[in-house]
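Listed below, chain by chain, are the residues.
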Amino acid sequence: NAGVTQTPKFQVLKTGQSMTLQCAQDMNHEYMSWYRQDPGMGLRLIHYSVGAGITDQGEVPNGYNVSRSTTEDFPLRLLSAAPSQTSVYFCASSYRDRGPSEAFFGQGTRLTVV
Amino acid sequence: DAKTTQPNSMESNEEEPVHLPCNHSTISGTDYIHWYRQLPSQGPEYVIHGLTSNVNNRMASLAIAEDRKSSTLILHRATLRDAAVYYCILKSGNTGKLIFGQGTTLQVKP
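Taken in sequence, the protein lines are chains L and A. Take 1 as the starting number for the first sequence in the numbering used here and just add one per residue. Take 1001 as the starting number for the second sequence in the numbering used here and just add one per residue.
No lab work stands behind these hints: they were computed from the structure. Think of the CB as a built atom: it goes at the ideal place given N, C-alpha and C, for glycine as much as any other residue. This list has only true hints and no planted wrong ones.
Example chain L residues on the side facing chain A (calculated, C-beta under 7 Å, incomplete): (1) G42; (2) L43; (3) F90; (4) E102; (5) A103; (6) F105; (7) G106; (8) Q107; (9) G108.
Some residues of chain A that are not near chain L, with every Cβ distance over 12 Å (derived): (10) E1015; (11) P1021; (12) N1023; (13) A1065; (14) R1081.
Which bits of chain A does chain L cover? Going by a derived footprint, with three or more residues having C-beta under 8 Å, they are: (15) 1043-1055; (16) 1096-1108.
Between the sequences and the hints, there should be enough to build the whole structure, so can you do that?
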């Protein structure tokens, strides 16, 4: 099983450029989410989705957009990259958004904005 | 979202048990206690979760205080591969969001 797949693994952007980080899961999970992790820090929730067509903001949503047109995919768009968005980005999915469901994480996308 | 408090770091010797504490005094009745760990340069991975009763799985055990205001993750025999950051998280039974704290960095000495 592929689990949660993130692409690309590494990316360098110039300030002001836009890009989309891809996240796909093959487990038919309803709940998907995006986190960022800055050096030496814990993960912070950016956006999440409880199902196709439904998204909501997390702790640090500014500068990011998401959409959920299918159950499998949950792309994260950077509208105009800034150096402050240099981070490692993790996508996660779980069967339901309710308490018992364990989350599965991708391997991360390491983004550098210069 | 209810918060958790963990020590910043802990050390253990290989093949000895490790007890990782977590305080969550503001836990609500619908919050599940989840533990994840993050190995270097990897995404977090699920370890264990519980609601009220102690739980065991192949990776670890979770001991939950009777008042649910604290819990302890128990690794029965630490190995070098267990060196990681361990996160204790309260997952709301209503919203389902996982809100990470700083976690505990576990060092395992040979």
